[in-house]
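J.: Listed below are the residues making up each chain.
2 protein chains.
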Amino acid sequence: MKIAILGYGIVGSGVAEVLKVNAAQIAKKAGESIEVKYILDLKDFSGDPMKSFFVKNFELIEGDPEVQTVVESIGGETIAYDFAKRAILAGKNVVTPNKALIAAHGAELLALAKERGVHVLFEASVGGGIPLIRPYNGAILTDELQEIAGILNGTSNYILTQMHQNGTSYAAALKSAQELGYAEADPTADVGGFDACRKLSILLSLATGKTADYTNIKTEGIERIDTADFAFAAAFGYTLKQLATAKIRKEGAEAITAPFLLKIGHPMSTVSDVYNALWAQAKTTGSVMFYGSGAGKLPTASAVVSNLVDVALGTHAAHEWTKENVKILPAAEYVTRKIVRVSCSDPAAITAKATKTLPQYPGFVAWITEPETEAQTASALKGLKVERVLRIYETT
Amino acid sequence: MKIAILGYGIVGSGVAEVLKVNAAQIAKKAGESIEVKYILDLKDFSGDPMKSFFVKNFELIEGDPEVQTVVESIGGETIAYDFAKRAILAGKNVVTPNKALIAAHGAELLALAKERGVHVLFEASVGGGIPLIRPYNGAILTDELQEIAGILNGTSNYILTQMHQNGTSYAAALKSAQELGYAEADPTADVGGFDACRKLSILLSLATGKTADYTNIKTEGIERIDTADFAFAAAFGYTLKQLATAKIRKEGAEAITAPFLLKIGHPMSTVSDVYNALWAQAKTTGSVMFYGSGAGKLPTASAVVSNLVDVALGTHAAHEWTKENVKILPAAEYVTRKIVRVSCSDPAAITAKATKTLPQYPGFVAWITEPETEAQTASALKGLKVERVLRIYETT
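These protein sequence lines map, in sequence, to chains A and B.
If you count by my numbering, then the first sequence holds residues 1 to 396, one letter each, in order.
If you count by my numbering, then the second sequence holds residues 1 to 396, one letter each, in order.
Read the hints as simulated data drawn from the structure, not as lab findings.
Predicted, not measured: the structure shown is a model, and the values here were computed from it.
Hints are not guaranteed to be accurate.
Copies of one chain are not kept apart here, so a pair can be met inside one copy or by any two copies together.
What the hints assert, rightly or not - Here are the simulated EDC-like pairs of lysine to aspartate or glutamate, each with C-alpha atoms no more than 20 Å apart in a straight line:
1) LYS37 - ASP273
2) LYS356 - GLU66
3) LYS263 - ASP273
4) LYS283 - GLU17
5) LYS28 - GLU115
6) LYS28 - GLU324
7) LYS51 - GLU220
8) LYS297 - GLU144
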């Protein structure tokens, strides 16, 4: 099978590398070799061992019937969208790790692909190197999905792990993430929760068969989290993770991306550093979790390659969703228990149940609320100097 | 698609139930409804809602061309083997949760199925309800697998969890497992490690394309584990899990099923009660873990049903292995660090590095050895009253 790689960045060059490194196993599994015929990139890679494959105009790829599948690894939603669409119209399968593209244009591209008898596969778009789209779509969604919760952004998880394990400040942890290449100069998409939110929208679209518009999903980042949050969480037996979660109700989906408190001992509580995980619960299957490298050149490229093998074998997962929007319920109505921390000169004046104070944080009192909505919590806290309110993630 | 269920025990009746409960999602995913036409069981189920489907002779199913797929849920290796083989010869796909059947006769049944153009699928044979065979075979094995380690027996994991979390004795924990129906009257297959060993042999056979003969895999059970093991493990930052593990070397496989010490914080360390998990590490994918319900009527049945959907869609995983044996390296040569506990009236006399004593266990001293073989450890311990030697699981 001949393929073209669009965009020779981290993932694109990783795909070329994995196809070389694992050539034997890939040919064995796919029943044929998978070979790069073109690499499209505007930059000049004259020194690159793959240099003979480079082309600068997409028309060459578009017009070559020998190219059965294109790997879209340009990123973004503009050129990537244009090329993906044209590739499908030219009768080619599209494999992409581009969550922005799938979250924004999934319904249209999947419908177009179905019409043309080709496939759009995006295993690497959620959870990087974790093979999760396949079992999620193929097994979990054969069951009645009740809820999903994912640690879907490696950068945020690395920062929170540093803060938790080493007491590093948010600013210092972000700086080290940037130095290690985990975070970009503008880290907003990662630390603000927007990257994870798009991944959640893809999972929710797969689950419901409708488009989960990520602009309707409440998204909070980790920027305000401080080490005191971890100290008070630990005092109650919790840790803190950035989760992208959706609970499927008859009336709609309770979807939100935000920092959540997670009971220590929950399988997701040991997902640290840049690792990702997706937790899912379905009616008859029960709870499952998929864990692995959420990002990184070779893991992500490996997931892309597993889709190429699916295409070669014709054993791809069938998935599609319509442009109709999934109903996302208003986040203010979600009922959760919360850990509340207030600044208070006289702890004895706090009448809440089971309050905790920590010697290293004098003047602060924390407690766990009853299950209640944001509005109920807010009104219960009227008149207090509230330092932080953090939701507890619990399976319902 | 019409199917026949062979054996109406826990899994067989669960499959009938899941096909009913999830009928809508299944028909949507499979593109057609999946209907039970026959249920073969010698017992009488006159009161059962499915009673009209019951038959007592296999010939009826074997001779009915409308039955495209049989679910073998009889268990064991005798009748199950005979019926599975005859079903394949009659041109029917076989879906089974029967690890004993696949571990013992996988090579022959898979070859026969290939010859007849049908499929033998066994998602539920390892990890119960966890959809892991599919992504393991489809994605991880497209990469170069380096090692696997699994908590693959729910009964043993339940017993160890009780001992660890509640300080329950082995005998009491086993009794409660039997009362809860997790363990059989004769618990040997579970607590002795033989069930997990067969599951390991299936994973190793898939990985190598050869038969991993489980009789060549060193298998130790949890019968001798006591609460002191957990106390000393915790003192060094470890917990204890029954693992079925294989490391793939050029010279062969380091395969063993035994209790192992696992660093607290390792994702497998939070797999408790009857839950199962498979940890795998591959060259470019990195580390992944699949977690979920390792047993139970509905989770196991859900995995069987996901295979039925694979058959209906023709998107089943392709797998086969030959009768040729994988080389299993002699366990005595595996190099591991170990926690050693000796009974000793004078702790000061122990010259090992970083020894630990625990007030609640006077007269015992424990320490961590260097990486060494069983023989090296044994000779180093000559002359000491050795209470326990436990291997540490570490990724290499």
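J.: Pop the pair LYS283 and GLU17 into one bin, within, between, both or neither, using alpha-carbon distances up to 20 Å.
T.: The answer is between: 12 Å across copies meets 20 Å, while 41 Å in one copy does not.
J.: Pop the pair LYS28 and GLU324 into one bin, within, between, both or neither, using alpha-carbon distances up to 20 Å.
T.: between (41 Å within a copy, 18 Å between copies)
J.: Between LYS297 and GLU144, at a C-alpha cutoff of 20 Å, which is it: within one copy, between copies, both, or neither?
T.: Result: close only across copies, 16 Å inter versus 34 Å intra.
J.: Please work out whether the CA atoms of LYS28 and GLU115 approach to 20 Å or closer within one copy, between two copies, in both situations, or in neither?
T.: between (31 Å within a copy, 19 Å between copies)
J.: How would you classify LYS51 and GLU220 at a CA-CA limit of 20 Å: within, between, both, or neither?
T.: neither (43 Å within a copy, 54 Å between copies)
J.: Using 20 Å as the alpha-carbon threshold, which applies to LYS263 and ASP273: within, between, both, or neither?
T.: both (18 Å within a copy, 16 Å between copies)
J.: Given identical chains, is LYS37 near ASP273, meaning Cα to Cα at most 20 Å, within a copy, between copies, both, or neither?
T.: neither (36 Å within a copy, 51 Å between copies)
J.: Under a CA distance limit of 20 Å, which applies to LYS356 and GLU66: within one copy, between copies, both, or neither?
T.: Close neither inside one copy (67 Å) nor across copies (67 Å); limit 20 Å.
Checked against the numbered hints above, the structure violates hints 1, 2 and 7; every other hint is satisfied.
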